[in-house]
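Q: In case you want the letters, here they are:
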Amino acid sequence: MYDFPPGLYTDVRVEKVFETKIDFLQEDLKECRIREHEAAFIRVFDGKRWYYTSTTDPGRIQEEIDALAALAGTTGARGTVAGHPVVEKFPVSTGEYLQFTAGKSIASIPKEEKIRLLTDYFPVLSGVPPVKLWRAFYRDKREQKEFYSSKGSRLIFDIQHTGLVFGFELARGKKRFSESFQKTGSYFSELQGEKENLENFLMQCTEFLNHARPVKPGKYTVVLAPLPAGIFAHESFGHKSEADFMMGDENAMKEWAIGKKVGAEILSIVDDGSRPGTGYVPFDDEGTPAQATYLVRNGILTGRLHSVATAAALGEEPTGNARAVGFPYEPIVRMTTTFILPGNKSKEELIGEVKEGILVERVQHGSGLSAFTMAPSLAYRIKNGKIADPLNISVITGDVFTTLAEIDGLSDRLELFSFVLGGCGKMEQFPLPVGFGGPYVRVRNLVVQ
Amino acid sequence: MVTEKYLFKTREITLNVQDTAVVSVRRQKLSQTGLRVYANGRIGVAGALGVCDEGELAARARENLSLNILYPCEPSTGFMELDSRRGEMIPEEDFLAEVEEFLSELRRAQPDFSFSHQIKEEWSERRLVNDKGLDLKAQDEYISFTLLFREKGSLNIYDGVVGYAGKRYDRAEVLKLVNRVCTAYKNPVELKKAGTRPVVFLERNPTLGKLAKELNGQSFGTGSSLLTKKRGKKVFSSRFSLFQSLHPEDTYGPFFDAEGVVNDGFRYPLIKDGVVLCPYTDKTTAAKYNLPLTGSAVGSYDEVPKLGCRRLKIASSGRTVKELLGGEEGILIVMAEGGDFTPAGDYATPVQLAFAFDGEEFLGRLPQLKISGNLFTMFGKGFRGLSTDKPTPLGGDHFLVLDLKVEKL
Chain A
1 MYDFPPGLYT DVRVEKVFET KIDFLQEDLK ECRIREHEAA FIRVFDGKRW
51 YYTSTTDPGR IQEEIDALAA LAGTTGARGT VAGHPVVEKF PVSTGEYLQF
101 TAGKSIASIP KEEKIRLLTD YFPVLSGVPP VKLWRAFYRD KREQKEFYSS
151 KGSRLIFDIQ HTGLVFGFEL ARGKKRFSES FQKTGSYFSE LQGEKENLEN
201 FLMQCTEFLN HARPVKPGKY TVVLAPLPAG IFAHESFGHK SEADFMMGDE
251 NAMKEWAIGK KVGAEILSIV DDGSRPGTGY VPFDDEGTPA QATYLVRNGI
301 LTGRLHSVAT AAALGEEPTG NARAVGFPYE PIVRMTTTFI LPGNKSKEEL
351 IGEVKEGILV ERVQHGSGLS AFTMAPSLAY RIKNGKIADP LNISVITGDV
401 FTTLAEIDGL SDRLELFSFV LGGCGKMEQF PLPVGFGGPY VRVRNLVVQ
Chain B
1001 MVTEKYLFKT REITLNVQDT AVVSVRRQKL SQTGLRVYAN GRIGVAGALG
1051 VCDEGELAAR ARENLSLNIL YPCEPSTGFM ELDSRRGEMI PEEDFLAEVE
1101 EFLSELRRAQ PDFSFSHQIK EEWSERRLVN DKGLDLKAQD EYISFTLLFR
1151 EKGSLNIYDG VVGYAGKRYD RAEVLKLVNR VCTAYKNPVE LKKAGTRPVV
1201 FLERNPTLGK LAKELNGQSF GTGSSLLTKK RGKKVFSSRF SLFQSLHPED
1251 TYGPFFDAEG VVNDGFRYPL IKDGVVLCPY TDKTTAAKYN LPLTGSAVGS
1301 YDEVPKLGCR RLKIASSGRT VKELLGGEEG ILIVMAEGGD FTPAGDYATP
1351 VQLAFAFDGE EFLGRLPQLK ISGNLFTMFG KGFRGLSTDK PTPLGGDHFL
1401 VLDLKVEKL
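These protein sequence lines map, in sequence, to chains A and B.
The first sequence begins at 1 in this note's numbering and counts up one residue at a time.
The second sequence begins at 1001 in this note's numbering and counts up one residue at a time.
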């Protein structure tokens, strides 16, 4: 295999990628791109600092390892890596874990069939008068990763996802509204049979366009549907669970001590890379196997997400969350599939108990620094326990920790979502495929504008 | 049949920073080649990473003509070469040592803060050449400091962000910028008055994003844009003019778009003195909706060129930010994440970090705020202008002053 330089920790991640991108603007095909490449990312650790490089020529990997080793040697730290806590934490993973090969690989599906999948839906989109502009997208990606380390890891695994998205802009008079419909899966066959769902969603959007009125700003009890609930879990708590943000800050480690109460007693949040979907990563990009990590259990902080380096620094264990967005980048601490666990009320009970509130079905985006925000697209007034008229809302906000404590009800069914357009962004690495979800989540006292 | 080659070459050195120290060094060198063939109103494209067989690429591109991707436009012609490098960045061999010196001084100057994220230098070359006589070549470079800062012990992932991107480096100037921000952060002040106030953004901010959405040629042509029926009409302040720009002073990267269109002076006016002139377009959109071609095609090396938003640049007011504030205390937005526009153009966002600002000094950290306004008002009677000055002379954005409603969160 490779000749790893003595005295240093070295690993090599080889990525063999097949991906398809098909775009239509209305009925016109605008893009049909198939990319296939093999490339590698190489890391060397000298006990003080990491050195990274990448290459699109697999034949040069050894040369690149040697060049990085020479660079590491210039720090004077060479020879000190044995017994280093970071190196000690690295797992040794071996084996072959390939699921999406031969007929199960999306590479085996002809591009004409992928185009036909999209065009079959076009009559649905072109038959809705307020739809002024629509676009159709097909995406798939299969990645076969190999991971080799100087500690002895020899690992091969693959991941795959595929999906279609229809984006549309509606207009009637001076009213405007845009939304999108999407279906994803691990296999091509999962994308069939969505016409009725698309028709129903277009009808819902048309109704919204026709009848939505601006919300009266104020504080409301808000019921988040599973998609916005998942965004809330991801943005408001997931990113704060990424351990790299507290590196080197003892005060932050005390503030984020395991066992601290961070939310309502009914609240539990989990990150799990073994769940099927776009957050599925059986091993991370350091060779650590996926696992379910309870971030919050019954309102108490119970875990956080780690790479090997952050786990070593905090005296905890790697969680399989070191991920890179592609071969030019190093793995950093990222989420996989993050979700709120369900509770014990039916959706109807949850909404039925609200006298005056808001149901948020879909959102454009969300964020979660000290204040959590959400920009709803489809939202509805709740009046006397019933879903009433549609509302235009710019933004819903709340203090993250206050909001976590204000959760007072969860429905009993978990829904998870995957995405093939966009993804999670952190530092320069965007878009990373992730999944998220939850049940219907009821929160008191959110500021609505 | 016309054959066209699109070449991307990039070299970068990136230092990742954690707790105000360099934790990793990443060197990258990447070359990408795209081949396009045009025939009978159609286009075929193929691409590859690294060293490639251009004959094989051309064959794949010709094969892709069978996909019937319509491209009823003529490939561009013309010759131009522009080297925007200035040679005022840190030499690559000195980069790590200089950044370590900088961080060492920063640790001493700001012991109560932890800085993280990235400091980077990048050099790029982009070339578009075809057998109709097109040959465009652009070379550029930039250095970027993007430092997330967190007061030690803070519960936040980060409390704010400071930095710049430009073609010049001066350690003392970067330290001066970071120290100004940190000093203001450590000085909490109250919002003196709620209501309509002069809000100071850096030029590239979410309000320009909404204009980009509404000035999209496809949305404009199909009628889904708020500006569709406003062409030739005055809908914004007579002080407000907006360009689409690939001018080297405005942006990093090539001076030509993905279809090889080069505008006079590298800019194209979209709004002039408050009057909507046209949306931004690529060749296909301009032809389809009978709109002016503004040269706004985007696309990776191996993609069919398509309409996308290039840099939108507001015309300068010719006045400093202090003059634009006119003696009033401004609200300088450092971090405002999570808000958005409604389809009708109403805007609201929480502001996670803002400073009171007199146009010269960052006076102190304001409490968390919410700001709101409407697209047509903020660039209408609420538009004060784009300043001549910037937070740092090293580069980055100018100040944009808009009157918006400001309240405590």
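One should not assume that every hint holds.
With a straight-line cut-off of 25 Å between C-alpha atoms, the simulated DSS-like cross-links for lysine-lysine are [to be verified]:
| no. | chain 1 | residue 1 | chain 2 | residue 2 |
| --- | --- | --- | --- | --- |
| 1 | B | Lys1230 | A | Lys174 |
| 2 | A | Lys254 | B | Lys1152 |
| 3 | B | Lys1405 | A | Lys175 |
| 4 | B | Lys1152 | A | Lys426 |
| 5 | A | Lys426 | B | Lys1120 |
| 6 | B | Lys1210 | A | Lys426 |
| 7 | B | Lys1234 | A | Lys174 |
| 8 | A | Lys254 | B | Lys1186 |
| 9 | B | Lys1192 | B | Lys1322 |
| 10 | B | Lys1306 | A | Lys111 |
| 11 | B | Lys1152 | A | Lys260 |
| 12 | B | Lys1233 | B | Lys1381 |
| 13 | B | Lys1213 | B | Lys1381 |
| 14 | B | Lys1234 | B | Lys1210 |
| 15 | A | Lys216 | B | Lys1408 |
| 16 | A | Lys48 | B | Lys1152 |
| 17 | A | Lys141 | A | Lys174 |
| 18 | B | Lys1192 | B | Lys1230 |
| 19 | A | Lys219 | A | Lys345 |
| 20 | A | Lys426 | B | Lys1029 |
| 21 | A | Lys216 | B | Lys1210 |
| 22 | B | Lys1120 | A | Lys219 |
| 23 | B | Lys1152 | A | Lys21 |
| 24 | B | Lys1186 | A | Lys174 |
| 25 | B | Lys1029 | B | Lys1009 |
| 26 | B | Lys1009 | B | Lys1176 |
| 27 | A | Lys174 | B | Lys1322 |
| 28 | B | Lys1005 | A | Lys21 |
| 29 | A | Lys175 | B | Lys1233 |
| 30 | B | Lys1192 | B | Lys1213 |
| 31 | A | Lys175 | B | Lys1152 |
| 32 | A | Lys216 | A | Lys174 |
| 33 | B | Lys1009 | A | Lys16 |
| 34 | B | Lys1381 | B | Lys1405 |
| 35 | B | Lys1009 | B | Lys1229 |
Hints listed in this document are in silico derivations from the structure and should not be mistaken for laboratory results.
Predicted, not measured: the structure shown is a model, and the values here were computed from it.
Q: Does each hint hold? Answer for all of them.
A: Quick rundown of the hints versus the structure:
1. B:Lys1230 to A:Lys174: With Cα atoms ~12 Å apart, lysine 1230 of chain B and lysine 174 of chain A stay inside 25 Å; holds.
2. A:Lys254 to B:Lys1152: Given that 25 Å is the threshold and the Cα spacing comes to 11 Å, the pair holds.
3. B:Lys1405 to A:Lys175: Distance of about 24 Å is within 25 Å: holds.
4. B:Lys1152 to A:Lys426: Satisfied, since the Cα-Cα distance of roughly 21 Å is no more than 25 Å.
5. A:Lys426 to B:Lys1120: holds, 16 Å
6. B:Lys1210 to A:Lys426: holds, 23 Å
7. B:Lys1234 to A:Lys174: Satisfied, since the Cα-Cα distance of roughly 18 Å is no more than 25 Å.
8. A:Lys254 to B:Lys1186: holds, 22 Å
9. B:Lys1192 to B:Lys1322: Given that 25 Å is the threshold and the Cα spacing comes to 18 Å, the pair holds.
10. B:Lys1306 to A:Lys111: holds, 21 Å
11. B:Lys1152 to A:Lys260: Holds, at about 19 Å.
12. B:Lys1233 to B:Lys1381: holds, 16 Å
13. B:Lys1213 to B:Lys1381: holds, 21 Å
14. B:Lys1234 to B:Lys1210: holds, 18 Å
15. A:Lys216 to B:Lys1408: Distance ~18 Å between lysine 216 of chain A and lysine 1408 of chain B Cα, so the pair holds.
16. A:Lys48 to B:Lys1152: holds, 23 Å
17. A:Lys141 to A:Lys174: Given pair lysine 141 of chain A, lysine 174 of chain A is violated - Cα atoms ~40 Å apart, limit 25 Å.
18. B:Lys1192 to B:Lys1230: Violated, at roughly 38 Å.
19. A:Lys219 to A:Lys345: holds, 24 Å
20. A:Lys426 to B:Lys1029: holds, 22 Å
21. A:Lys216 to B:Lys1210: Status holds; Cα separation ~23 Å.
22. B:Lys1120 to A:Lys219: violated, 44 Å
23. B:Lys1152 to A:Lys21: violated, 44 Å
24. B:Lys1186 to A:Lys174: Violated, at roughly 46 Å.
25. B:Lys1029 to B:Lys1009: Within the cut-off at roughly 8 Å; holds.
26. B:Lys1009 to B:Lys1176: violated, 34 Å
27. A:Lys174 to B:Lys1322: Not OK: lysine 174 of chain A and lysine 1322 of chain B at ~38 Å, beyond 25 Å, violated.
28. B:Lys1005 to A:Lys21: holds, 21 Å
29. A:Lys175 to B:Lys1233: holds, 20 Å
30. B:Lys1192 to B:Lys1213: violated, 34 Å
31. A:Lys175 to B:Lys1152: violated, 47 Å
32. A:Lys216 to A:Lys174: Between lysine 216 of chain A and lysine 174 of chain A the Cα gap is close to 20 Å, so the pair holds against 25 Å.
33. B:Lys1009 to A:Lys16: holds, 22 Å
34. B:Lys1381 to B:Lys1405: holds, 13 Å
35. B:Lys1009 to B:Lys1229: violated, 42 Å
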